[in-house]
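4 protein chains.
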Amino acid sequence: MFELLAEKKVMRDPIHEYIHIQYKVIWDSIDSPEFQRLRRIHQLGPTFQVYHTAEHSRFSHSLGVYEIVRRMVEEVEGVKEHLSEFERVAVMLAGLLHDLGHGPFSHAFELIQNHHHEYYTGQILLGESKIHQILADADVNLPKAIADIIAHRHPNKLLTQMISGQLDADRMDYLLRDAYFTGTSYGQFDLERILRTLRVADDKLVVKESGIHTVEDYIMARYHMYWQVYYHPVSRSFEAVLTSFFRRMKDLYHNNPISLAGYDMFTPFLRDDIVSIEDYVAMDEPAFMYGMSMCKKHPDKILSDLARRLLTRDLFGYLDIDNEKTIVEMKKKVEACGFDSEYYLTVDRAKQQPYQPYRGKESSLIWVMLKDGRIRELSDVSVIVQAIVKGEDKSDRKMFFPKTCIEVSNEQ
Amino acid sequence: MFELLAEKKVMRDPIHEYIHIQYKVIWDSIDSPEFQRLRRIHQLGPTFQVYHTAEHSRFSHSLGVYEIVRRMVEEVEGVKEHLSEFERVAVMLAGLLHDLGHGPFSHAFELIQNHHHEYYTGQILLGESKIHQILADADVNLPKAIADIIAHRHPNKLLTQMISGQLDADRMDYLLRDAYFTGTSYGQFDLERILRTLRVADDKLVVKESGIHTVEDYIMARYHMYWQVYYHPVSRSFEAVLTSFFRRMKDLYHNNPISLAGYDMFTPFLRDDIVSIEDYVAMDEPAFMYGMSMCKKHPDKILSDLARRLLTRDLFGYLDIDNEKTIVEMKKKVEACGFDSEYYLTVDRAKQQPYQPYRGKESSLIWVMLKDGRIRELSDVSVIVQAIVKGEDKSDRKMFFPKTCIEVSNEQ
Amino acid sequence: MFELLAEKKVMRDPIHEYIHIQYKVIWDSIDSPEFQRLRRIHQLGPTFQVYHTAEHSRFSHSLGVYEIVRRMVEEVEGVKEHLSEFERVAVMLAGLLHDLGHGPFSHAFELIQNHHHEYYTGQILLGESKIHQILADADVNLPKAIADIIAHRHPNKLLTQMISGQLDADRMDYLLRDAYFTGTSYGQFDLERILRTLRVADDKLVVKESGIHTVEDYIMARYHMYWQVYYHPVSRSFEAVLTSFFRRMKDLYHNNPISLAGYDMFTPFLRDDIVSIEDYVAMDEPAFMYGMSMCKKHPDKILSDLARRLLTRDLFGYLDIDNEKTIVEMKKKVEACGFDSEYYLTVDRAKQQPYQPYRGKESSLIWVMLKDGRIRELSDVSVIVQAIVKGEDKSDRKMFFPKTCIEVSNEQ
Amino acid sequence: MFELLAEKKVMRDPIHEYIHIQYKVIWDSIDSPEFQRLRRIHQLGPTFQVYHTAEHSRFSHSLGVYEIVRRMVEEVEGVKEHLSEFERVAVMLAGLLHDLGHGPFSHAFELIQNHHHEYYTGQILLGESKIHQILADADVNLPKAIADIIAHRHPNKLLTQMISGQLDADRMDYLLRDAYFTGTSYGQFDLERILRTLRVADDKLVVKESGIHTVEDYIMARYHMYWQVYYHPVSRSFEAVLTSFFRRMKDLYHNNPISLAGYDMFTPFLRDDIVSIEDYVAMDEPAFMYGMSMCKKHPDKILSDLARRLLTRDLFGYLDIDNEKTIVEMKKKVEACGFDSEYYLTVDRAKQQPYQPYRGKESSLIWVMLKDGRIRELSDVSVIVQAIVKGEDKSDRKMFFPKTCIEVSNEQ
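Protein chains in written order, with our numbering: chain A, 1 to 412; chain B, 1 to 412; chain C, 1 to 412; chain D, 1 to 412.
Since the hints were derived computationally from the structure, they do not count as laboratory data. One or more hints might be untrue.
You can't tell identical chains apart in this list, so a pair holds if it fits in one copy or across any two.
With a Cα cut of at most 16 Å, we get these calculated EDC-like pairs of lysine to aspartate or glutamate [unchecked claim]:
id, residue 1, residue 2
1, K130, D279
2, K296, E278
3, K351, D320
4, K204, E87
5, K157, E17
6, K398, D320
7, K144, D314
Note that the structure is predicted; figures quoted are calculated from it, not measured.
Please put together the full structure from these sequences, using the hints given.
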């Protein structure tokens with residue numbers, strides 16, 4: 001039995017009206033320093049460079065994921081009955097804590113690290129941390145159960161499905177939240193109706209047939225958010241500069257560690273050692289941005305120029321890549337302008353399928369329960385999803401380089 | 001030169017914030033009895049039987065279409081330049097007046113008539129009506145120009161495209177409005193962005209490439225509104241009963257006209273003559289509903305039973321049709337219960353493709369202007385739309401019959 | 001024990017997302033002909049003449065009141081405990097059915113009747129009606145209990161307070177709903193937070209001190225809705241013409257009943273007898289509007305002119321009344337134009353106080369529970385409400401007359 | 001003549017749909033490092049500690065103020081005519097740049113400085129900065145004109161009124177924006193209607209009489225936002241700890257500057273010299289938060305404890321102050337717990353009047369133009385505002401102290 005709060009707490013939230021908290025261990029987890037740190041990490045990394053109001057944090061998003069899991073657990077017919085109280089609390093906490101290991105601008109930041117953020121989430125949950133202690137005090141088996149759910153290792157697949165399938169609390173919150181905070185309408189779909197049409201069957205979460213349209217709408221919302229927001233070329237340009245910045249810093253350090261003396265926030269990530277939990281947790285966006293503003297004054301011209309670009313939004317321009325030759329030619333132009341193409345020319349590819357029926361485990365697919373009780377995979381029953389899955393993939397490959405090298409008329 | 005109002009008028013509207021009116025002829029048209037009559041016709045016919053707040057009228061919708069046309073004319077780059085003042089006023093009025101010929105519950109009502117509502121729209125605009133006089137007083141050529149735009153006969157295809165293409169002011173208003181008034185989120189799309197990305201090229205309205213995602217979102221909004229709202233089986237059940245009601249009334253009249261003496265609102269539509277404009281305009285929902293409540297007391301058992309069903313929402317049940325045999329069997333059951341299957345068993349098919357690239361005239365397609373200036377049809381450039389167009393059609397055939405005949409567990 | 005539905009029903013609603021129905025007697029009441037009739041009565045009477053989208057019905061509003069009562073009963077701490085199941089079901093039904101006795105354009109319509117709509121609500125609930133039968137079948141004491149709650153006669157004042165105090169489900173729904181459907185923002189307030197801060201103390205509903213701001217906001221919302229929407233001079237002008245129309249019809253009938261032969265929908269209301277439930281229920285807006293369109297062709301010039309004005313929105317103009325002399329002068333002008341001032345000049349006064357602490361019974365006041373548990377009347381603890389209550393009353397007296405008599409530049 | 005952009009730029013914004021930019025000097029100002037820095041300052045300082053989604057920046061708000069000024073200048077009847085192009089551009093830029101001098105958590109931060117943020121705004125605009133250069137390049141008189149408007153020194157009072165009266169672009173944007181990002185409904189009012197009813201008369205901005213209700217609504221929105229959001233005791237608690245943190249740091253520095261060696265971001269603000277523009281601009285929230293995380297490890301127990309409290313939201317509890325004795329008693333308790341009351345007990349008073357008719361200059365009042373053209377001050381014509389102005393002031397005095405000293409049951 002987990003201890004309840006004397007009085008149920010609520011937190012106002014624009015997406016869910018209120019976040020409801022009843023268990024003490026959940027309240028205490030929110031107040032842990034490792035979770036409070038997520039206030040200092042932007043949910044969408046560099047996207048606020050394009051959508052200026054995308055300034056929300058992983059903290060808010062994590063509360064939202066928790067709230068959706070809580071509603072699944074308490075409101076979806078069959079879920080409560082399928083789960084023990086321990087499992088219910090564990091999966092709510094897994095929703096809350098699934099992003100614990102994120103660092104600043106994770107996508108680019110992970111390039112200079114040996115591990116992904118998922119690795120650090122596990123480390124923080126299971127290692128020497130305040131949050132570990134809070135969880136273990138509530139139930140000694142809790143930290144591992146949560147880490148297992150997040151890492152897809154938990155034997156009860158229903159729990160994983162709630163946190164990270166293709167119709168999970170994580171995606172549902174971020175689509176709605178990112179749409180709200182960017183001010184676009186693309187990410188909207190009918191969360192209430194999805195929750196109302198979820199059921200448990202065959203030990204998995206399924207959608208009733210009458211909910212198919214809402215799920216199609218959700219799939220399209222995802223598709224549009226990817227192309228309109230997440231893959232916006234200006235965000236990718238910021239990440240291109242950031243990647244070069246990291247690469248340059250790492251190269252400088254490897255050649256001469258002394259050249260980065262005093263840049264204490266970065267050094268744990270430049271060494272080849274494993275980063276300690278303490279150092280990892282200390283790396284938040286303020287640390288990162290302050291470090292970047294220090295780098296602006298660094299004697300290395302490339303490092304300081306890249307830092308200046310990031311701080312003042314003097315980003316790279318971009319062009320679509322038709323074939324490999326285009327890259328070779330651009331490389332020449334970049335160098336002709338006096339830039340080191342190692343750091344001043346980067347290439348990336350954005351690709352996204354709104355729904356992948358053939359990939360991943362069963363627990364990540366979306367399942368539909370027909371009126372007659374049969375259970376089918378989504379693309380088998382949705383004409384729209386089937387059409388999209390069979391359709392040609394949209395993909396987009398771009399190169400990024402200083403605007404002064406070649407005239408381009410990019411969006412803002 | 002058309003006369004302007006002394007002061008620009010505005011009308012508050014939940015979809016467009018304000019409807020802006022500057023021309024006297026537009027203000028006067030709104031105040032005409034034929035247009036005011038549209039306040040007394042539900043925009044979505046029987047849908048308020050399912051979505052209880054879908055109580056908005058064709059009057060509101062018509063103002064909304066006008067407002068979108070006005071914005072196209074005044075804000076879309078190139079449109080103003082392509083059109084004379086006469087054409088601009090004519091197309092705004094065409095937007096305002098395009099639904100003038102609608103009767104109550106048009107879809108079903110047209111079954112007992114010899115003409116569609118489009119025919120009556122033309123009759124009212126060109127015949128002896130107050131609105132005709134208002135328009136002709138402003139410019140003698142105006143009534144015909146408006147009727148031509150609405151009937152796709154106008155030589156300037158741009159005008160028709162604004163009113164009735166696949167991306168026109170009519171559909172854009174009704175999707176947003178119907179979504180708002182039903183309280184669903186399906187019909188939402190980003191009207192602002194569509195207007196911002198429209199241009200004129202090759203004498204037609206085109207969307208800039210950067211607007212493709214918004215148009216895809218609009219296509220999906222349409223698709224979902226059809227299946228979730230417009231084709232909702234309970235609405236179709238209401239229409240099924242209504243159709244039988246009309247059929248019965250017509251049959252009674254043909255056998256014995258005296259039996260409908262006193263039901264003056266209906267008789268003009270039961271005779272084989274042409275319905276006069278005056279009689280047509282007099283037929284609004286109050287007339288219709290009052291007539292129906294009179295029919296509830298009619299000595300003919302079938303007519304009075306069908307009227308009672310409509311007034312108190314005692315609608316038919318429904319079942320999917322697998323093959324023709326299902327219908328034959330149901331017919332037997334209906335008759336075994338003592339019902340005349342002529343009126344107590346009806347069949348309908350709902351079918352909708354979100355976008356039809358191969359059908360209709362060039363002016364009804366959606367055109368995209370690529371970054372390099374080339375113009376392509378939407379399904380050529382949108383991976384999503386292409387996938388949908390190639391996908392299997394969703395279609396849905398149902399039969400409707402008294403619930404007491406066979407137990408069915410239909411949605412409310 | 002009241003019978004539950006096999007499956008909980010929900011109805012989509014833009015104000016409350018969903019209306020939730022669990023009891024069979026409630027579902028059956030919604031399907032009763034007397035309740036379905038409310039679909040055919042506009043919630044805001046003539047307001048759609050000004051705010052063209054205010055086309056929602058008393059049906060939708062009644063569902064909304066029911067939903068708020070349901071949430072009070074199920075979610076507000078202390079309410080469930082204070083009430084028996086019978087009382088809970090009764091008060092939910094009282095919320096649903098409180099407007100049953102409304103006729104078309106009630107405010108004006110009541111002028112030609114001997115009774116207010118409250119009287120008819122009681123008659124329908126307690127008399128020979130389908131709804132009476134449904135309620136009595138569920139529990140023989142139910143009809144009277146519901147009628148008592150609505151008529152403020154029920155011994156348990158908590159029940160009355162939920163339906164008609166100054167912070168009741170009725171007002172809370174109509175403010176939000178009318179704001180939504182007119183498209184204004186004035187009526188908005190935070191219903192969620194009000195529900196969260198309600199408690200039961202001293203056998204009455206009280207608001208926790210932390211909810212005072214939300215209640216102040218609600219009081220202001222009411223105030224603004226009155227002046228911006230409910231008392232809009234164009235609505236009052238429609239009512240002025242309507243009142244004259246009724247008066248003229250009544251005068252004609254009294255002088256010569258034969259002159260209204262064939263106008264069957266009106267005659268029960270013109271006789272001095274009591275109107276039967278059946279006749280009353282038959283009078284809905286379609287009957288009324290169809291009757292009006294018949295009157296447009298009536299040989300009496302005044303009656304037909306007033307009907308025409310109502311149908312085509314050729315309403316009266318209006319002016320503020322400074323003193324009694326203004327009226328006398330206007331009377332002369334109206335008659336000089338050839339109008340009978342008996343029907344072509346009317347006077348009304350709009351007056352509204354956002355909150356009345358000194359009037360009405362204890363159960364209609366708003367009570368606040370301080371942090372220390374003491375209970376105080378709202379204006380004792382809210383600086384804002386106190387200021388408003390002490391402030392000068394806003395009142396507005398106007399006269400209405402044909403626009404052709406005197407030039408006025410009224411809003412639209 | 002100011003240079004226009006080749007193509008009008010727009011930025012998506014949830015409050016205004018789009019921010020529209022036409023002038024090159026405005027676009028360049030947005031891209032200046034001093035303006036980009038505002039991305040790194042929270043609009044509501046510590047409020048995100050209570051309303052977790054209040055994570056928006058002064059950057060977004062500044063764009064919003066600019067957009068409202070732009071609309072005033074382009075859409076309000078009379079404004080365009082009253083202003084030269086130079087004045088129009090200057091006032092739009094004043095809207096954009098009015099918050100340039102804000103530092104992190106300004107309210108508390110200003111306590112350790114000798115100047116308010118207004119002073120720094122002037123310094124940055126007129127001194128050696130990139131933004132100064134951009135403005136001066138566009139027109140040598142621009143920097144001073146902008147600084148004058150912001151500092152209320154400009155001879156054309158209309159300009160000042162648009163930026164900082166009691167009904168100005170600044171307040172209108174922040175109420176709407178803060179309401180949106182906190183997820184509360186209190187700050188909402190009808191901006192569209194206010195803009196529609198603004199006029200210029202007597203060389204000042206006035207509201208037409210028909211807009212009074214909207215302005216009353218705006219006044220109440222302000223009132224509620226103050227008490228529900230801006231003066232929330234948890235925000236004030238954060239500021240209480242922050243103030244103690246600053247005070248402690250300053251005391252340490254004055255006693256022994258060496259003890260803060262290495263805390264470079266803070267030292268310019270601890271010295272008694274004037275802070276240079278460069279140092280000031282370098283102080284953003286990342287610098288501040290990183291400095292705070294360094295302080296967490298500082299050997300001084302008080303400084304490190306206060307830093308820890310701020311970083312992990314271990315804030316002070318609070319109690320209302322009844323009289324001076326309460327403070328004396330609390331001081332004893334705090335010291336009895338082993339805390340230095342100099343830093344662990346603070347007192348503050350929140351007080352706000354929704355509208356002040358008697359204070360400030362004429363240009364800060366709200367003026368109403370009656371139907372007959374007379375111009376009156378708002379509280380002379382609004383019954384509601386008059387009532388509020390005459391009512392008793394609401395004020396709230398609290399003390400803040402470590403929760404461990406005395407048990408308090410504060411909101412979250």
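Checked hints:
no.: 1; hint: K130 - D279; result: within (14 Å within a copy, 36 Å between copies)
no.: 2; hint: K296 - E278; result: between (26 Å within a copy, 13 Å between copies)
no.: 3; hint: K351 - D320; result: within (14 Å within a copy, 40 Å between copies)
no.: 4; hint: K204 - E87; result: within (15 Å within a copy, 41 Å between copies)
no.: 5; hint: K157 - E17; result: neither (29 Å within a copy, 31 Å between copies)
no.: 6; hint: K398 - D320; result: within (4 Å within a copy, 50 Å between copies)
no.: 7; hint: K144 - D314; result: neither (45 Å within a copy, 27 Å between copies)
Consistency with the previously given hints fails for numbers 5, 7, ordered from lowest to highest.
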